[in-house]
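Undergrad: Chains as they are written, first to last, in the working numbering: chain D, 5 to 356; chain C, 2 to 145.
If you're looking for bench data, these hints aren't it; they were derived computationally from the structure.
Source: prediction; values computed, not measured.
There's no promise every hint is true.
Said to hold, decoys possible - If you want the footprint, here are the derived chain D segments under chain C, 3+ residues with CB under 8 Å:
| hint | stretch |
| --- | --- |
| 1 | 11–21 |
| 2 | 59–65 |
| 3 | 143–153 |
| 4 | 164–171 |
Said to hold, decoys possible - Residues on chain C that point at chain D, a partial pick, calculated with CB under 7 Å:
| hint | residue |
| --- | --- |
| 5 | D90 |
| 6 | K95 |
| 7 | E134 |
Glycine included, every Cβ here is placed at the ideal spot set by N, Cα and C.
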Amino acid sequence: MTFYEQKLQAFRTLLAARGYHVRVANAAVPDSLAAPVTVGFPSAILGEQSLIAVPDVHLSDGSAGDIFMDGDPENATRFTATLAAINDYMDAEGERASVLQLGDWYDVWRAIGRDASQAQFATIDNVPEYQKLLSLDKQLGLAHLIGNHDASFTHALPDRRVADGNRFRFGFGLLKSNGRCFAIHGHQVDDIVGVPSPPSDQQVVWLATLAAKYVTSSVRDLEDFMDKQGSNVGAVFDWLKALVGSNRPDPIPTPRARKPAPAGFIGSFVERESTDQLLRIAVEACKLRYQTPTELELLIVGHSHKPCVAWAPHPQSKRPVVIVDAGSWVQGAAQLLFGAGDRISVFDIVKN
Amino acid sequence: MKGTSIVILALVLLAGCAHREQIGSISDSPVIAAGKAGGAVLDLPKPIDGAPLVTNVGCIPDEQRLAKLGPTCSHETENHPEAQPPTDDLEPGKPKPTLQVGWYCDERLVVRVVWAPCDGNGDGKVDGVSPLEISVATHPSKKD
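One chain only, chain D, in its complex shape (with noise of 0.2 Å):
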């Protein structure tokens, strides 16, 4: 039996005792062959450790338009059970394992019909179906990219958070791995592709680096950062402005074609979206955050509802990075992402 094995079987366990098991997902694809998310690294890309990643929750206020509950309070119980599994394997593993959710915990557009200004997440922390899973993510300090549906947590924190301000960011580094592996939203890119007049390459390493400076800055007023960077720079404030707490909606994703593994990787690769983009955002960040950062292998992301796993060339070097899209909770989609060794695989939690 493998580590990743090892680890899987463990998981299992706790969440077998809490009535789900879990199953590979598949991504979409134009053909009708299975596309299973999980990849094979050349080597353990994750070391003697394991990493679990929950993709966008987009909890709101429990109502009819909530895609998190989506008028089933099965996906509640389903969700409250595998955070507590989640907290079981990692008061077992201890720092052996790490566990962040990507983004999109909160949705808040939806919960309040815009970006809150201050603390103003009642209507969702006072749902009560979801009482249990708030208490879960409060025991286990789950770590937060913020995403663009929660950017109002770069104003104030849930009331249960409000003492975790270092659980919340826009990007991680991930295992201390000196930027090897790294996670963001994923929603980053959307203004880069979506600047008004279609941004030259090197128009786009700019923007990316702005982006990459705000994502690792300890200044999140996005006014206090602009004046930080000594420059009135009018369209690109608006520009970012719009990329870190506007209330787009999520992409809709139509299915993705596959894409040939690069060598020495084993799995069912498509081509996702927007990949030399948010390549580019998580090498800047890292450059910005490590003084000699290891290359960057590995990137988590969420944002589209629809795991995957992808690749592209580094932006320098041209090896292969890996892409890892962990899916979503929304309107009835459960899953998770599950790694550990040489292994990444992003699974459907369902009911035994």
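Assemble chain C onto chain D, guided by the hints.
TA: Only chain C this time, still in chain D's reference frame:
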């Protein structure tokens, strides 16, 4: 405890104080009670129960707060962005438990409770909360 300043606050008091001619009551509701000796959520206490008050820290499972105390309210920001630490790597494992807050509002009264982590179900793991600090704003200039 002699000389110890004790404070009892009943969330139901919010409703009682917000409308004229209503009689404030704490004996018909769960009550947050906290003093220097500790804090707890007491079920239907008599007003005088505040005298000997809490000598032990009482702990309730976190997820029971909504059912016991009712909904919280949105409020002003208390964790200002500049207070946040610089970006760093995700630390493996679970971090140490931290404090949390709950805000309860009525027209005039706003109560802010700081909750400390504790073991709510006695299994040796932190999964509950115990009141640690209470702040009350009475907003006297606001009309009922």
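Undergrad: Against this structure, judge whether each hint is valid.
TA: The hints, checked one at a time:
no., hint, result
1, 11–21, "violated (count 0)"
2, 59–65, "violated (count 0)"
3, 143–153, "holds (count 4)"
4, 164–171, "holds (count 8)"
5, D90, "holds, 4 Å"
6, K95, "holds, 5 Å"
7, E134, "violated, 13 Å"
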